[in-house]
Amino acid sequence: TRYPHEFIWDLSAPKGHLPLSNQLRGVRVFSSLLSHPAWSTRI
1 TRYPHEFIWD LSAPKGHLPL SNQLRGVRVF SSLLSHPAWS TRI
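Using the working numbering, the letters of the sequence shown correspond one by one to residues 1 to 43.
Calculated directly from the structure, the hints in this document are not laboratory data. No experiment lies behind these values; they were computed from the predicted model shown. Each hint should be verified, as a subset may be incorrect.
[Claimed, not checked] Derived CB-CB ranges, DEER-like:
{"id": "1", "residue 1": "E6", "residue 2": "L34", "range": "19 to 27 Å"}
{"id": "2", "residue 1": "H5", "residue 2": "F30", "range": "38 to 46 Å"}
{"id": "3", "residue 1": "E6", "residue 2": "T41", "range": "32 to 40 Å"}
{"id": "4", "residue 1": "H5", "residue 2": "I43", "range": "22 to 30 Å"}
{"id": "5", "residue 1": "H5", "residue 2": "R42", "range": "38 to 46 Å"}
{"id": "6", "residue 1": "S12", "residue 2": "S40", "range": "32 to 40 Å"}
{"id": "7", "residue 1": "R42", "residue 2": "K15", "range": "24 to 32 Å"}
{"id": "8", "residue 1": "A13", "residue 2": "L33", "range": "40 to 48 Å"}
{"id": "9", "residue 1": "S40", "residue 2": "H5", "range": "35 to 43 Å"}
{"id": "10", "residue 1": "F30", "residue 2": "E6", "range": "12 to 20 Å"}
We put the CB at the ideal spot given by N, CA and C, even for glycine.
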């Protein structure tokens with residue numbers, strides 16, 4: 001990881017503190033996840 005000591009890597013971290021997806025896998029993966037048809041299906 002690019003900044004291994006900049007984040008708290010467990011669930012005790014404050015809300016919003018965990019690293020963004022683009023730090024881990026890239027913005028294209030996150031974009032693909034959000035454009036998946038499952039997000040447009042109403043339950």
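Verification of the hints:
A beta carbon spacing of about 24 Å between E6 and L34 agrees with the range 19 to 27 Å that was offered as a hint. Between H5 and F30, the C-beta spacing of about 23 Å breaks the proposed range 38 to 46 Å. Taking the beta carbon of each, E6 and T41 are about 36 Å apart, inside 32 to 40 Å as hinted. Distance hint check for H5 and I43: the Cβ-Cβ separation is about 40 Å, which falls outside the suggested range of 22 to 30 Å.
Taking 38 to 46 Å as the suggested C-beta distance range, the pair H5 and R42 conforms, at roughly 42 Å. Range check, S12 to S40: about 34 Å between beta-carbon atoms, so the 32 to 40 Å window is met. Between R42 and K15 the C-beta distance comes to about 27 Å, which sits within the given range of 24 to 32 Å. In this structure, A13 and L33 break the distance hint of 40 to 48 Å, their C-beta atoms being roughly 21 Å apart.
In this structure the hint that S40 and H5 lie 35 to 43 Å apart at CB holds, the actual value being about 39 Å. Remark: the range hint 12 to 20 Å for F30 to E6 is upheld by a beta-carbon distance near 19 Å.
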